[in-house]
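Protein chains: 2
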Amino acid sequence: MRLEIQCQNRLGLAQEVLNVLVSYQLDLRGIEVDPGLGRMYVSFPTLNFEKFQELMAKMRRITGVEDVKTTAFLPSEREHNELSTLLKTLPDGLIAIDSKANVTVINDAALEVLAVAYEAIVGQSLQGMVKGFNFQRWLEGDDVLAQTRRLEIHGKRFVADILPVMVPDETGHEILAGAVINLKSESRLGQHMVAFKKGDQ
Amino acid sequence: MRLEIQCQNRLGLAQEVLNVLVSYQLDLRGIEVDPGLGRMYVSFPTLNFEKFQELMAKMRRITGVEDVKTTAFLPSEREHNELSTLLKTLPDGLIAIDSKANVTVINDAALEVLAVAYEAIVGQSLQGMVKGFNFQRWLEGDDVLAQTRRLEIHGKRFVADILPVMVPDETGHEILAGAVINLKSESRLGQHMVAFKKGDQ
Numbered sequence: 001m002r003l004e005i006q007c008q009n010r011l012g013l014a015q016e017v018l019n020v021l022v023s024y025q026l027d028l029r030g031i032e033v034d035p036g037l038g039r040m041y042v043s044f045p046t047l048n049f050e051k052f053q054e055l056m057a058k059m060r061r062i063t064g065v066e067d068v069k070t071t072a073f074l075p076s077e078r079e080h081n082e083l084s085t086l087l088k089t090l091p092d093g094l095i096a097i098d099s100k101a102n103v104t105v106i107n108d109a110a111l112e113v114l115a116v117a118y119e120a121i122v123g124q125s126l127q128g129m130v131k132g133f134n135f136q137r138w139l140e141g142d143d144v145l146a147q148t149r150r151l152e153i154h155g156k157r158f159v160a161d162i163l164p165v166m167v168p169d170e171t172g173h174e175i176l177a178g179a180v181i182n183l184k185s186e187s188r189l190g191q192h193m194v195a196f197k198k199g200d201q
Numbered sequence: 001m002r003l004e005i006q007c008q009n010r011l012g013l014a015q016e017v018l019n020v021l022v023s024y025q026l027d028l029r030g031i032e033v034d035p036g037l038g039r040m041y042v043s044f045p046t047l048n049f050e051k052f053q054e055l056m057a058k059m060r061r062i063t064g065v066e067d068v069k070t071t072a073f074l075p076s077e078r079e080h081n082e083l084s085t086l087l088k089t090l091p092d093g094l095i096a097i098d099s100k101a102n103v104t105v106i107n108d109a110a111l112e113v114l115a116v117a118y119e120a121i122v123g124q125s126l127q128g129m130v131k132g133f134n135f136q137r138w139l140e141g142d143d144v145l146a147q148t149r150r151l152e153i154h155g156k157r158f159v160a161d162i163l164p165v166m167v168p169d170e171t172g173h174e175i176l177a178g179a180v181i182n183l184k185s186e187s188r189l190g191q192h193m194v195a196f197k198k199g200d201q
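Protein chains in written order, with our numbering: chain G, 1 to 201; chain H, 1 to 201.
Honestly, the hints are just simulated from the structure, not real lab data.
Treat the hints with care, since some could be wrong.
The list makes no distinction among identical chains, and a pair is therefore deemed to hold if it is satisfied within one copy or across any two copies.
Derived EDC-like pairs: lysine to aspartate or glutamate, alpha-carbon spacing no greater than 20 Å straight-line [claimed, not checked]:
| no. | residue 1 | residue 2 |
| --- | --- | --- |
| 1 | K197 | E152 |
| 2 | K88 | D169 |
| 3 | K197 | E186 |
| 4 | K198 | E186 |
| 5 | K51 | E4 |
| 6 | K69 | E4 |
| 7 | K198 | E152 |
Can you make the complete structure from the sequences, with help from the hints?
Structure, rendered in structure tokens:
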């Protein structure tokens, strides 16, 4: 269950919200505070309707609270859903690997190409499943540059954009975190060429 | 500043953590609880080293707390960074629009194609900038089906995969949330064709 609490930015208000949860023996799952919007979001296990009504009334009586309503997601969950839905929808295979070439993110199209279940590939090395490129050697090279290569997966041919992923460390210096691989199948490439030419008619 | 607290799953522990923060007049920014891993993560404004040492000692004295250490990100932030870095790195333009054809997510490649700044396009309609497809009419149609179309942006030609994005509502029923547009430029398409043929030599 999640609540969106409209409130003043008052020190200690989060504590009073927590007091209410504890009084119902509810384990906190998460709090997110957006001081700019004057909003606090709380996530906790579901409770029955009667107790829930009571809890809402108590929340509304906390000094500085202006409104309380239920919400489907915490802001971070909404953002996460949006991006992961976007990846899920992409027709081309998308795989992120860490600096040891282990899979960290993979979308449905890529799972289909690799003919593997999500749980079976996440955290595992991609190398064994892909012919035509040595990810590990490339990641350990002096210059890790973007590549466009032809790969083979289960006997099928793909063109892949292979790109280094850089992230800032604590000091703001960019470090290599891994890579992202964007797979395009021969049939999709053909489909795009047709769409291009069709535009000329 | 962010702490990773290794602790037992004890009711009211979050409150005691908050008590310590409030005692230093620190506004809470967020708490995330991972009961499975026995971890709690807390985010709050930075404070000077001396006070920070004191605060850490107090945290460690809370019953049920086994270890406290600093961490760069809350789990939700780490996941968010990973996905948004992935989108940022993708060489093809990627744009997500809501059900009113307003831009919600856009990566660097797409900003470059549209020759527009992120702040200027987010929340605004994509329609005015793209010739060759009526997003609004498509989104309001009875059957919102995936399309591969040729579009024109600033006089340049692109092939676009245009796909509906479905999300489950509270009852689990799939509803149309918007769409994702994957832009491929003529030059990138050519580059991929070359890579394909080169693989044959």
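Here is how each hint holds up against the structure:
Taking the closest pair of Cα atoms, K197 and E152 come within 20 Å of each other only across two copies (14 Å); inside a single copy the shortest separation is 27 Å, beyond that limit. When the C-alpha separation of K88 and D169 is checked against a cutoff of 20 Å, the pair qualifies only between copies, where the shortest distance is 17 Å, while the shortest distance within a copy is 28 Å. For a Cα distance limit of 20 Å, the shortest separation of K197 from E186 qualifies both inside one copy, at 17 Å, and across copies, at 11 Å. Taking the closest pair of Cα atoms, K198 and E186 come within 20 Å of each other both inside a single copy (18 Å) and across two copies (13 Å).
Taking the closest pair of Cα atoms, K51 and E4 come within 20 Å of each other only inside a single copy of the chain (18 Å); across copies the shortest separation is 32 Å, beyond that limit. Taking the shortest Cα distances, K69 and E4 sit within 20 Å of each other inside one copy (5 Å), while across copies they are farther apart (30 Å). In the homo-oligomer, the alpha carbons of K198 and E152 lie at most 20 Å apart only across protomers (14 Å), although the nearest pairing inside one protomer, at 29 Å, exceeds that limit.
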